[in-house]
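J.: For chain A, the structure is supplied; the task is to place chains B, R, Z, X and H on it using the hints.
Protein chains: 6
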Amino acid sequence: MRLRSTFLATDTMVRTDSRGTRYLSLKLVDKTGSVDARMWRLPAELLHGLDGPEYVHVEGHAHEYRGMLQVKVERMNVLSKDEVEEEDYLPSTEEDRITLADELVEAGRGFENTHLKELFARIVADEELWSAFCAAPAAKGMHHARIGGLLEHSVNCLRVARALAEIYPVDKDLLFFGAIFHDVGKTQELSWKEGGFGYTTPGRLQGHVVLGDRIVAAHAAQVPGFPEELALQLSHVMLSHQGEREYGSPEQPKTLEALLVNLVDNLDARAAMFLETTHNVAAGGWSHHNNPLGRALYVPDEPSEGPEANRTKGDAIAGN
Amino acid sequence: MRLRSTFLATDTMVRTDSRGTRYLSLKLVDKTGSVDARMWRLPAELLHGLDGPEYVHVEGHAHEYRGMLQVKVERMNVLSKDEVEEEDYLPSTEEDRITLADELVEAGRGFENTHLKELFARIVADEELWSAFCAAPAAKGMHHARIGGLLEHSVNCLRVARALAEIYPVDKDLLFFGAIFHDVGKTQELSWKEGGFGYTTPGRLQGHVVLGDRIVAAHAAQVPGFPEELALQLSHVMLSHQGEREYGSPEQPKTLEALLVNLVDNLDARAAMFLETTHNVAAGGWSHHNNPLGRALYVPDEPSEGPEANRTKGDAIAGN
Amino acid sequence: MRLRSTFLATDTMVRTDSRGTRYLSLKLVDKTGSVDARMWRLPAELLHGLDGPEYVHVEGHAHEYRGMLQVKVERMNVLSKDEVEEEDYLPSTEEDRITLADELVEAGRGFENTHLKELFARIVADEELWSAFCAAPAAKGMHHARIGGLLEHSVNCLRVARALAEIYPVDKDLLFFGAIFHDVGKTQELSWKEGGFGYTTPGRLQGHVVLGDRIVAAHAAQVPGFPEELALQLSHVMLSHQGEREYGSPEQPKTLEALLVNLVDNLDARAAMFLETTHNVAAGGWSHHNNPLGRALYVPDEPSEGPEANRTKGDAIAGN
Amino acid sequence: MRLRSTFLATDTMVRTDSRGTRYLSLKLVDKTGSVDARMWRLPAELLHGLDGPEYVHVEGHAHEYRGMLQVKVERMNVLSKDEVEEEDYLPSTEEDRITLADELVEAGRGFENTHLKELFARIVADEELWSAFCAAPAAKGMHHARIGGLLEHSVNCLRVARALAEIYPVDKDLLFFGAIFHDVGKTQELSWKEGGFGYTTPGRLQGHVVLGDRIVAAHAAQVPGFPEELALQLSHVMLSHQGEREYGSPEQPKTLEALLVNLVDNLDARAAMFLETTHNVAAGGWSHHNNPLGRALYVPDEPSEGPEANRTKGDAIAGN
Amino acid sequence: MRLRSTFLATDTMVRTDSRGTRYLSLKLVDKTGSVDARMWRLPAELLHGLDGPEYVHVEGHAHEYRGMLQVKVERMNVLSKDEVEEEDYLPSTEEDRITLADELVEAGRGFENTHLKELFARIVADEELWSAFCAAPAAKGMHHARIGGLLEHSVNCLRVARALAEIYPVDKDLLFFGAIFHDVGKTQELSWKEGGFGYTTPGRLQGHVVLGDRIVAAHAAQVPGFPEELALQLSHVMLSHQGEREYGSPEQPKTLEALLVNLVDNLDARAAMFLETTHNVAAGGWSHHNNPLGRALYVPDEPSEGPEANRTKGDAIAGN
Amino acid sequence: MRLRSTFLATDTMVRTDSRGTRYLSLKLVDKTGSVDARMWRLPAELLHGLDGPEYVHVEGHAHEYRGMLQVKVERMNVLSKDEVEEEDYLPSTEEDRITLADELVEAGRGFENTHLKELFARIVADEELWSAFCAAPAAKGMHHARIGGLLEHSVNCLRVARALAEIYPVDKDLLFFGAIFHDVGKTQELSWKEGGFGYTTPGRLQGHVVLGDRIVAAHAAQVPGFPEELALQLSHVMLSHQGEREYGSPEQPKTLEALLVNLVDNLDARAAMFLETTHNVAAGGWSHHNNPLGRALYVPDEPSEGPEANRTKGDAIAGN
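Chains as they are written, first to last, in my numbering: chain A, 896 to 1215; chain B, 896 to 1215; chain R, 896 to 1215; chain Z, 896 to 1215; chain X, 896 to 1215; chain H, 896 to 1215.
Calculated from the structure, these hints are not laboratory results. Be aware that one or more of the hints could be misleading.
Note that the list lumps identical chains together, so a pair holds whenever it fits in one copy or between two copies.
[Said to hold, decoys possible] Simulated pairs of lysine to aspartate or glutamate, DMTMM-like, Cα-Cα distance not exceeding 25 angstroms:
id, residue 1, residue 2
1, Lys-1088, Glu-1123
2, Lys-1035, Glu-1139
3, Lys-1035, Glu-1124
4, Lys-1012, Asp-1196
5, Lys-967, Glu-1061
6, Lys-1012, Glu-1197
Just chain A, same shape as in the assembly (with noise of 0.2 angstroms):
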């Protein structure tokens, strides 16, 4: 597959293959994600490889290596910071941010519960937060780590929450409204604006699951009449939501709709993790071990009939 476009290169090597001849190893960077590279015959201002990640222009090929999609550079130009937009390179959901946010905003209007309506109405009021919230990774490297990142994690798990409630006499309301609010506190928990995602210092003195149930309990505060023992729900959904105390949460879920955000979250995390792994890897192969999972993770080969002819949705080739 040609390929023709800019990255930012970073984790860049020379070394030396079994014929004895030099290298460069490097990681090409996008918003998409990242992909491993190679450059053999360097020319001299690239003999001794990048003092540090570089924006680059590239021309090559990507092709399969032992099982996991790698890049054949041709040629590399360094580029100067005034050609790009470093927004450009900061990984980011690939799904329209605005398409995903009206559809929480469509959710909360159709609650039933007036309290739970009006406050969420408010959260989508303060501009401050509601922005935080629609830019915010999940992570910071296990699983949604990427501008956008909370957005999408948030709709995956109304989503799923809308098929249990289906299935389990549910407080409807109450378990939308977990499902999307639980990870409010990364909002404050994480950075993301200066390059890279890291915590904050009340990120890691206080965690995401107590600024959560703060952020919560004090806009539920300003919503008149709010009876309190929503508040109590409320807030046992925001505190127990990681499911286990040596997860972070003070108490485990203990009301139906407390269990069933701790669930969704914990399959959306999973399932979002299997897939970052698995982003390069081709059908066959595994992944390195090294991952959020702990375990080597396996794409199936297609069996005979019709490859992909039932695979839902999506792909595993990192394109730019």
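T.: Using the frame of chain A, we list chains B, R, Z, X and H on its own:
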């Protein structure tokens, strides 16, 4: 609530209340589950309780006591075994088993993958296996421990899996097959015919994970041209569905389909544990601590605005 | 040791000794704790024991049996509830609560940090909170499970913290504040008014760690000009005082003050578990294995040279 | 000790010693294992080390350094691949594989149970399986990671099992069968033909425990009249030999034969880990900490009375 | 099987069967272990059971009930303590203790290492120690909890160690010494003279690992010229024989001899737990779940071909 | 802050900054600890870094970088080994060791228990032991890893213990003895003379817990009339001071004195880990994550009101 019905009476004990009066404490069991009961003003023949479980006709009142439903027995007559149908007193699903089974069969008919479609058809055509699958409990006591429980669990897993197939790029047929049949080994691991639910000797020596893998592999071997790669993926789904080695899976899930089957299984099992534990708990009340989730569970007090207004279905009161 | 006193008699059981004689086994409870008792030569009205807990007047002897204190009852009369003050039989601190509370108030007055000093003063001025703080037990049953137990625990923590402030370069006021108030959430987590000690619904759904953080944050928000950084550090002390996530702290201690509060809390709790478990154990004897420390505990046999010569204070014999 | 031999040279790195002199650090590998080496006075062609593993002819001295054997290289010539037999440099058992295999076959011929005897004969007669069994390593890297390693491990397990059969009331044939074949699934779990040792895809998706159970079950199904109860016990031995669920056995050992197979397997594996880790450690020296047993291991300094006087066999010096 | 014998009757309870008839449930204990028993048609003096353990003469039948041996008592007379020898009813080894002890002494005489040989001789010559070693149980209740149990365990460990010394390059004398004496500290950790088996105060405060190390070190200090290095290795074997810190060894085994002593100890302990738990279980039956191995154990149904044909020794029926 | 001083330079690496300029990254070590450093504008002799650790004279500036102290080197001259005293560059306590030792000796002189008093005196009189005790580090790397570190730790433990003796009814002398000498086995477990800190062979095979118990027991055996019960309690304090089996104590603390020694040891060790980890961290900054406490640690930003106003002592800036 006035109550006139027949039950299996178990766990009878004579106790003395705080005013020094003797009373009978017992459990009343029927198809729908069990409820705690108390009887004062004991007739002579009940002064020393019952000698083991007995079928009884009871008159009394159901009322709430410390947040849980309890029956105050006013009259109780022991029935002879000839007067009852034993199976009426085995816990059993409240759903219609034929309807549930049809939902599964219909799903199998919709498969696009012809190999999996034929495999599914052969399993349904194996009368002994299929009828066991529709009758077996899903566990000895943790969740869905009732006639038809395995069927209920399989249907719920399929329903959640359908929602996931809309979200993640998954092999739908493989996911649905796993969602439905991951626990098929329980038809050989558990016994449910001699009154109670228990483990068979093969169940204890091999476990339902391996037994289920064998059942599916044996039927797949009968399907002409069943692809080896598909058989391998299918076997992996069966073997890894417990998710972690310490829960009895010799390998962790390493394909997306295997991972989702594990997560869906876990989700429905935990939801069921919650619902079964809180079956008799009134709004605002707490369950006993000693249940499969290992913590007291809370059934929220309805907030002021229209009780149950948006609760989706089901009730939490034992009836007959 | 001759004994004539009133108690709450609980756990009465009729047993038969090795010579075939019937006797009554029971526990005698008063403010100071409980002691095992036996009664032979049962009068007619006690032949079948008591119907639940009763207030009794007892005459008998306290003696040592298998290394633990036991009472041999000679006479026992049941009292009517009118004859007793119920609170005399609720386990309660032996210390003077006013003196203990004064020690804390005095410490707060000595703060150099004006913000923390005012915060402390506001908490003391919040009559409902402060009187709850001076009355609450420190736990349902692990340690300091008695009226005033939280106060005792807080005073001990302060005293140890004072020694640490001489050794480590610490923010004294913050350390002392945390030593005193880390468990203030127990005033909302526990209930102690209806006879026994138990958990409230907010206590079970949110836990004392988060409840305490909220109490302190709410009062700090009332102090004009309370620095944000100080509020953050304070919140961290409250949230992390359990030390590890599996003990209910959403974050581990990451400042020196938070670390020391956690260690002091743990130290006093474990010392109290030891002392309460060995309350009735004689020198050279062993406690039961089944206690909060999870092992049998030993009260050393005094070596020959002057028993108790340098034992600092306290005794280990239940009196009345 | 003078050394003149050919090796596979791996892990070459150019370093600088404490006097500022450059030297080459490398590993010398042959059939018997590997040894650390150093080379000073580098000729021009080695100034930058080697470009990956190369076959070399080495002259130098083996000596002890910090308690471990090390080679000081004086001359080193790179060989062309035509000059060597690749298999001479794959780690391989030092025992005679035919003799070992005969010991097993002889054991099988001595079985009294005619069903197990025939099953054993069929496995030996399955040429593909049996030759794989005699060639496979017992693990990728933990212990017996060498050609013939599985055979060595099986023979050792049989030998220990023979002693146990004299002590405990056990079904000898079943115990010996399990001791020999518990790891037969490794013939399908591992690959050892393309130079290194690795996992196959079925190995990662199903694991050697289930693969081995299937191999044995498939062969037993070919033995006419093989008793179902015996097949069940045999399957249990295969499935439970890892001892605990977290080590990959779906059920724990529940028969005496299964328990002993598990314990014998564990014993030989750990002894092998010890011996392989201390292969190059001199008397009185310590191994590296980083080995399969997770701790530094000690090879005792011989006490004064006749070194090695009663050490039974083997030596700990790598030769060629 | 007709039964006429004397026992210690314990755990007597009056119960009511499913037809409402009262019966006595009890345990019958003698030197060989214990068996469950039931008695119907109670004579007047047994209507309320026994007041604690009593020596009894029993007539009845032993039969199988739910896969376990049970005695149906027809007559039972209480004996006076003068009629019995108390020690006849303390669980005790069925082996001849003198023969077992001789096997150990003979092993010690065969040592080649003169230091260990003399150390061994001194331990045997220490009459108080040696007679305690030959009488002590190996544990309070886990395995070999019987008079002579420590001796039996030591002999078994020696026998397995002999097989290992043929396989691994080990210091034979050190291995055999450790196999025999690793648990010698149990002579001071346990008490077995006052009827039951229990822990001493030094046993609880120091544990048998340290106590055993001290015993051996004290005797080695008496051997002139005992090498320091040998004393260190010996001490390491004693201290590390529990294998892991959480089992009470302050260090893990780091020499081959220490590792093998740990593995042999573990092997015999687990085999004994199996055998003792299944003592009364019939072929094809399951033990109770509640035993030291923490799982129900299975005694296989003999396959058709000649039951017990190749079972090596022992039987599983309690006799007298 | 201008800096002119001599150090041991370690961990030198040549790196390239983001503008492509080469610089040297290194660590500067002296008695007081270590600090990260960077040097640009490399003179010819430093272009390839240093060949291992070298003593150097440095001129430069200390400044804060990402919240941690860092040195920017301007000039650096390598010194010959003759020019330096090696011990000046071994990390060492900043306290006066004689003053610290006197504080302990004084405490021993104040004992009321004559047996413990004499035991203490004998330990101090054992010149080899006492001088080792005053020189040893308290650990290889976790905390107090410096000459005199064991002494510092012992003094701190004594100081905390004094406060506890005012609060709990404890045997003061036994508590103080344990607080001072619980780690005395480290004098034999660790080596600190050949430049770095390491483990001895007895240290690895027996551990400081058992070694310390032996040292104290051997000296107590020299004290005429030392009571056996006191020796037992003392031994228990020594053996159990690690608190849990998994930390190397063969028994958990079961007396109050043993429990408090364990808690005090733990408290000072953790406080030291905190202080040593944050040594170079500026106010408002975070330490590296990789330290003995296993989490990044925070040095609070001073709130507005008078920085350090009530911070008790010490500073966090490395000087010379």
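J.: Now, for every hint given, state plainly whether the structure supports it.
T.: Here is how each hint holds up against the structure:
Taking the shortest alpha-carbon separations for Lys-1088 and Glu-1123, only the inter-copy value of 22 angstroms comes in at or below 25 angstroms, while the best intra-copy value is 37 angstroms. Taking the shortest Cα distances, Lys-1035 and Glu-1139 sit within 25 angstroms of each other both inside one copy (20 angstroms) and across copies (22 angstroms). Within a single copy, Lys-1035 and Glu-1124 get their C-alpha atoms only as close as 34 angstroms, which misses the 25 angstroms cut-off; across copies the closest is 24 angstroms, which meets it. For the homomeric pair Lys-1012 and Asp-1196, the shortest alpha-carbon distance between copies (19 angstroms) is at most 25 angstroms, but the shortest distance inside one copy (47 angstroms) is not.
In this homomeric assembly, Lys-967 and Glu-1061 never come within 25 angstroms of each other (Cα to Cα): the closest approach is 50 angstroms inside a single copy and 35 angstroms across copies. Taking the shortest alpha-carbon separations for Lys-1012 and Glu-1197, only the inter-copy value of 17 angstroms comes in at or below 25 angstroms, while the best intra-copy value is 46 angstroms.
Taken one by one, the earlier hints fail for this structure only at number 5.
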